[in-house]
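**Student:** Sequence:
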Amino acid sequence: MNLMHEALIPWTLNGQRRGAFSCTPEHLEELVRGNLFAYGQLDNPADACQISVGDEMAVQLPYPVRQEKELPEAINNLLPVTCSFSLALEEIRHLSQALCRARPLYGTHRVLIACDDQRVIRDDIGRHNALDKAVAAAFMAGFHMQHSVLGITGRITSEILYKVARAGIPILFTRKYPSNFAVELANRLNIMVLSDVEEKAQVFGANRLKET
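The numbering of the sequence shown is our numbering, which starts it at 86 and goes up by one.
These are calculated hints, taken from the structure and not from any lab test.
Just so you know, even glycine gets a beta-carbon here, dropped at the ideal spot from N, CA and C.
Wrong hints could be hidden among the right ones.
Said to hold, decoys possible - PhoX-like, lysine-lysine: derived pairs with alpha carbons at most 25 Å apart: (1) Lys295 with Lys261; (2) Lys261 with Lys285; (3) Lys285 with Lys295.
Unchecked claim - What follows is a set of in silico ranges between Cβ atoms, one per label pair, in the way DEER data are often shown: (4) Ala105 with Gly125: 19 to 25 Å; (5) Leu88 with Cys168: 38 to 44 Å; (6) Ala105 with Asp128: 38 to 44 Å; (7) Gln145 with Leu174: 41 to 47 Å; (8) Asn129 with Ser169: 19 to 25 Å; (9) Gln135 with Phe266: 18 to 24 Å; (10) Gly192 with Ser169: 35 to 41 Å; (11) Ala183 with Tyr262: 18 to 24 Å.
Whenever a hint applies, use it, and build me the whole structure from the sequences.
**Tutor:** Dropping the structure here:
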């Protein structure tokens with residue numbers, strides 16, 4: 086029987102107890118770095134901070150913990166992606182196939198980020214965890230984020246779109262579908278959301294499909 090691996094990982098930030106991560110217990114440093122970046126504690130996931138990983142994680146920032154914004158305010162503060170990056174549909178479909186071919190999912194979520202010939206793929210029981218891990222891994226590997234594309238196996242909500250926009254990624258695809266609010270944000274933030282990528286390939290937001 087193939088079961089998802091789940092663990093509850095308690096952690097502290099500058100000595101303050103935070104809500105435990107319910108996650109797949111791998112790539113934990115990437116998970117915490119991506120989470121801290123998403124919610125404004127780090128300006129870049131690769132920024133210097135001390136992270137002790139184990140049954141409990143401890144993170145020490147070189148400055149006091151910042152006041153975190155509520156999601157609506159954080160979304161309102163986002164700036165549109167300004168690059169002109171585009172990609173052909175067949176290239177995106179090739180990445181979609183790579184996303185699902187990597188290894189069996191067994192019910193987990195998966196995120197792929199590709200930049201030129203570089204790729205990172207991360208799995209987790211949670212969509213947001215998989216996204217945070219992949220974003221941190223891509224930043225730490227030196228990806229040019231405005232020349233990158235992100236694929237996700239799950240649905241696209243406003244918070245997923247927010248995290249992609251905060252990373253500066255201009256193209257987001259899924260085999261599933263976005264929410265209406267995610268589509269509104271994609272339009273405002275100049276991001277292309279490509280849904281049902283293997284079949285109808287519906288474009289929402291900015292059209293960044295390269296003519297072939």
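**Student:** Determine for every hint whether it applies to the structure shown.
**Tutor:** Cross-check of the supplied hints:
1. Annotation: proposed proximity of Lys295 to Lys261 holds, straight-line Cα distance about 22 Å (limit 25 Å).
2. Note on Lys261 and Lys285: the hinted pairing holds, with a Cα-Cα distance of about 11 Å set against a maximum of 25 Å.
3. Between Lys285 and Lys295, the direct Cα distance comes to roughly 17 Å. Compliance with the 25 Å bound is thereby established for this hinted pair.
4. With their beta carbons about 20 Å apart, Ala105 and Gly125 fall inside the hinted range of 19 to 25 Å.
5. At roughly 41 Å, the beta carbons of Leu88 and Cys168 sit within the given window of 38 to 44 Å.
6. Our hint of 38 to 44 Å for Ala105 and Asp128 is violated, since their Cβ atoms are close to 25 Å apart.
7. With their beta carbons about 45 Å apart, Gln145 and Leu174 fall inside the hinted range of 41 to 47 Å.
8. At roughly 23 Å, the beta-carbon separation of Asn129 and Ser169 lies within the given 19 to 25 Å, and the hint holds.
9. Under the hint 18 to 24 Å, the C-beta atoms of Gln135 and Phe266, about 37 Å apart, miss the expected range.
10. One distance hint, 35 to 41 Å for the beta-carbon pair Gly192 and Ser169, holds here, with the actual separation near 38 Å.
11. In this structure the hint that Ala183 and Tyr262 lie 18 to 24 Å apart at CB holds, the actual value being about 21 Å.
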